[in-house]
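These protein sequence lines are chains P and E, in that order.
At position 3 of the first sequence the residue is numbered 3 (my numbering), and the sequence of numbers has no breaks.
At position 140 of the second sequence the residue is numbered 140 (my numbering), and the sequence of numbers has no breaks.
The set of hints was computed from the structure by calculation and includes no laboratory data.
A few of these clues could be false.
Claimed, not checked - Taking lysine to any residue and the SDA-like style, the derived pairs with C-alpha atoms no more than 20 Å apart in a straight line are:
(1) E:K16 - P:L61
(2) E:K168 - E:S204
(3) P:K103 - E:K16
(4) E:K119 - E:G131
(5) P:K103 - E:V18
(6) P:K103 - P:P191
(7) P:K103 - E:L53
(8) E:K8 - E:S20
(9) E:K173 - E:G116
(10) P:K103 - E:G51
(11) E:K119 - P:G236
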Amino acid sequence: MGLIEDFDLYWELFATSFLASIVVGVVLPQVGGMMYLRRESFVGIAVPQFAAAGVALGLFLLPWFPSLQESFLDHGHPPLDYLLVFAAGAACLSMLLFSIVLKRQRGEPGALLAGAFATAAALAILFLDGSPAGNNLAETVLRGAVLLLDEHGLWLLTGVCLLTMIFIMAARRSLLAIAFDCDNAIAMRLPVAWLELAQMMLFGLAIGGGVMTVGPVLVFGLLFLPPLAASALASGLRSFQILLSICGLLSVLAAWPLSIEFDLPYGPSAVISAAALTLLCLGLGRLQRRA
Amino acid sequence: MSLLTLEKAGLGYSSKAVLSNVGFSIAAGDFLLLAGANGSGKSTLLRSLIGALPLVQGKMDSPPGLRIGYVPQQLSLPAFFPVTVQDVVTMGTWRGSKDGHNPGRAEADQALTQVGLEKRRAQSFAQLSGGQKQRALLARALVSNPDLFVLDEPISGVDEAAAAVILKILAEKASAGVAVVMVTHQPLALADLATRALLVHKQSVEEIPVAEMCSLEGVARLWA
Numbered sequence: 001m002g003l004i005e006d007f008d009l010y011w012e013l014f015a016t017s018f019l020a021s022i023v024v025g026v027v028l029p030q031v032g033g034m035m036y037l038r039r040e041s042f043v044g045i046a047v048p049q050f051a052a053a054g055v056a057l058g059l060f061l062l063p064w065f066p067s068l069q070e071s072f073l074d075h076g077h078p079p080l081d082y083l084l085v086f087a088a089g090a091a092c093l094s095m096l097l098f099s100i101v102l103k104r105q106r107g108e109p110g111a112l113l114a115g116a117f118a119t120a121a122a123l124a125i126l127f128l129d130g131s132p133a134g135n136n137l138a139e140t141v142l143r144g145a146v147l148l149l150d151e152h153g154l155w156l157l158t159g160v161c162l163l164t165m166i167f168i169m170a171a172r173r174s175l176l177a178i179a180f181d182c183d184n185a186i187a188m189r190l191p192v193a194w195l196e197l198a199q200m201m202l203f204g205l206a207i208g209g210g211v212m213t214v215g216p217v218l219v220f221g222l223l224f225l226p227p228l229a230a231s232a233l234a235s236g237l238r239s240f241q242i243l244l245s246i247c248g249l250l251s252v253l254a255a256w257p258l259s260i261e262f263d264l265p266y267g268p269s270a271v272i273s274a275a276a277l278t279l280l281c282l283g284l285g286r287l288q289r290r291a
Numbered sequence: 001m002s003l004l005t006l007e008k009a010g011l012g013y014s015s016k017a018v019l020s021n022v023g024f025s026i027a028a029g030d031f032l033l034l035a036g037a038n039g040s041g042k043s044t045l046l047r048s049l050i051g052a053l054p055l056v057q058g059k060m061d062s063p064p065g066l067r068i069g070y071v072p073q074q075l076s077l078p079a080f081f082p083v084t085v086q087d088v089v090t091m092g093t094w095r096g097s098k099d100g101h102n103p104g105r106a107e108a109d110q111a112l113t114q115v116g117l118e119k120r121r122a123q124s125f126a127q128l129s130g131g132q133k134q135r136a137l138l139a140r141a142l143v144s145n146p147d148l149f150v151l152d153e154p155i156s157g158v159d160e161a162a163a164a165v166i167l168k169i170l171a172e173k174a175s176a177g178v179a180v181v182m183v184t185h186q187p188l189a190l191a192d193l194a195t196r197a198l199l200v201h202k203q204s205v206e207e208i209p210v211a212e213m214c215s216l217e218g219v220a221r222l223w224a
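Next comes chain E alone, as it looks inside the complex (with noise of 0.2 Å):
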């Protein structure tokens, strides 16, 4: 079942197009990678496909009520934003759940535990490493429930094991049927994984087999 369809897209800010004659679909079950050089437009594409940003042309369908779990680099959060780890998690039961259920502090929990920071729920979210800012993130889209996740850079700048346990939940995200598209700069690390592979390169997007990018001659070819 597709999740959701770009035709055509011409993606970018105001009417400017950063990528160009755009156009692949995420079906359920997808593990999408997606890796470029740094500024080839990644982030548009992934801010596009959440809905941050307009498309410039072309368009993009996807099923009404499509439920989104998205990930951002932790980086990009404000730091002195005084919340809990709780706080954040809870943020991710602010919309009600497909079924109609709204998701409440047992989910949160529940999600909390899920990334293993279940005894770090009172503590401050600045406060955290960037690995466990990561996972708390993911858990704030665990808990919504989502049909697609969209992750940016999720385990970069992250420890081995916080990696390992991100990626665990994806993989079991993905065999139950949930898409997952992510931003990598570390195609080899999720070679296992994944299912396809975007290249963003020459202000557009191209399909390769996850072989080519998950190799070392792949990787060559994304920094080229």
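Just chain P, with the same shape it has in the complex (with noise of 0.2 Å):
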């Protein structure tokens, strides 16, 4: 059974999955691209453990919302608009604290994220361990399985990344201003703090969506892999923020026929794509430079 052949039953088993990848295909690398150019990346490593850790933490208080247990364990569907409080939650929190911390220059920054990595890790494992409703679907979840998402996941997730583009497309210019020189964007008299704020807000609720929906894999990938690859080709901040889209879109689509045909879990494919694409890029780069 051959993708090209069947691909009218393919569609219609994984037309919800492949549109949810499209989306955080074209969504998170604007997201991990802000990121890369706030050099804030190392950021972005323990924000999604934390959105997972965020996840596990609402699967262990699910008994306490019996009528959404109830409903999860009779149906299946896991509750997703519940779960998204606490992965966006988690991750918003992460980021605040972050930027709290980093500000204040208090002891090494990766020490530090390392530190809070492995601590979001340990909480989520511990979480899952007394959750038994939920150990199954988190396993599946953090292993990047975006097979198994409904339509109600979808919507959510686009509803979440739509908000994020918005975001970033209208207040392009002041984040990438803010992002090159703060100063010089605090001298032009731009609302730094509210942009930063609302640009934390947002950035955690995709981040959280996307670990809750396509699982934190696939966002580590999306997030770091294709501003390095945009980077490495762009001359300018426009070519490098539409290079960002199409890096993450061409990662997501190579990764179907490849985890189709071998049978592998989805999330990591893309992520593989996303490297060997970056990689490309990287060459792709090096030659531009010495032509």
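Join the two chains, each given in its own frame, into one complex according to the hints.
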């Protein structure tokens, strides 16, 4: 059974997941690109892990919400709206804490983030251990099994990502000015504090929504790899932002045949595609500079 | 006309004052030099003037809508940022000008020509020399037609030709009534331009005669 010959069947089975992969493929690289320009990519390592811990906490607390738990156990549909509050809440909270701690410049930032990552990973495991109802769900989400996404999950993810993308596009100039030279943005009387707060909240929401629906593996990959690939080829800001989404989109599309033909989990397949594309772009960038 | 006034101000980070009891005002057309030993608090003062650091105590007054053109040290900016010279200068157009007109491509081109970088507009900012970067940052400040320029060592590590271009533009702006505040470690080179001098030392700011700062004795006192 090949992908081309049985396209209709695959489409019927995986249309929701396919569309979800397109949404994250376009939007998450833009979020990662802003983090890259702000020299905060290392923060992005810990934030998805905190979002995953948030999902685990949500599952751990599920018995306190009997109607949600009953519906989940009876029909197998995870309470995504409920879990989004925990995933996005944990992501936003961690971004806020990192922002405060890093601005105070106490300790080595890399060590701080590595420590936070380890703590979040441990919390996720501990919460899941106490949550037998959600253990299987969390296991598949953490492995990046985007194929399980239902239509409600797709709408939720699309809403969250659309909101984030609108913000990035509407505040593009100000966000880039802040990322390039924050002091100058303040001298220009741009509303830096409000924009940073809004950015933190929406990025937390997008990362939380992504972790909850397509899993942290794919979120990690789409946050970090496309910015590296795009920066290798871009000559200016506009081309950088266009290349971000092109690289993300190509990565998620290339992963589908890889995942189906070789029966591999989709999330890791997309990350490997993104890594291969990044290597290719780095090579092309090098050739471009030599020329 | 006073553009900015500091009164009994404490400047610093969080609640800790690096500079205390700071008081001076900046008027239109002033060309004000700011000098002091490394770590004396010059950058703290500069960042407070542009509003990046809230005052720890005292007050700072400025007319509403005061437009500041800020030129940081080029080394403080990220080297990897995928940005062309044109992109950097265009950032200066991202707030409207005084008369409500939004400066655009034409104004950015004009500023690039003023600083002599018109042929490098499509080049990556990271690939420019130190002097070229500083001129691009000056062009970004020029575009928005500011009332006050605040510059952090704009001629440090810059070749003589680039320094001459930067100083010529600033002198023209000052004579047109724009105020200039410049941190420098080379006061001797600015003796002809400066109208006022501030020495940052002993955790405060003292106004001294320009001739004193821009003399060998003055320089010796700066580093004492």
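Taking the hints in turn, this is what the structure says about them:
1. E:K16 - P:L61: At roughly 43 Å apart (the allowed maximum being 20 Å), L61 (chain P) and K16 (chain E) break the hint.
2. E:K168 - E:S204: violated, 30 Å
3. P:K103 - E:K16: holds, 15 Å
4. E:K119 - E:G131: holds, 15 Å
5. P:K103 - E:V18: Within the cut-off at roughly 18 Å; holds.
6. P:K103 - P:P191: holds, 18 Å
7. P:K103 - E:L53: It holds: about 13 Å lies between the C-alpha atoms, which stays within 20 Å.
8. E:K8 - E:S20: Holds, at about 7 Å.
9. E:K173 - E:G116: holds, 17 Å
10. P:K103 - E:G51: Holds, at about 17 Å.
11. E:K119 - P:G236: Roughly 16 Å between the alpha carbons, so the hint for K119 (chain E) and G236 (chain P) holds.
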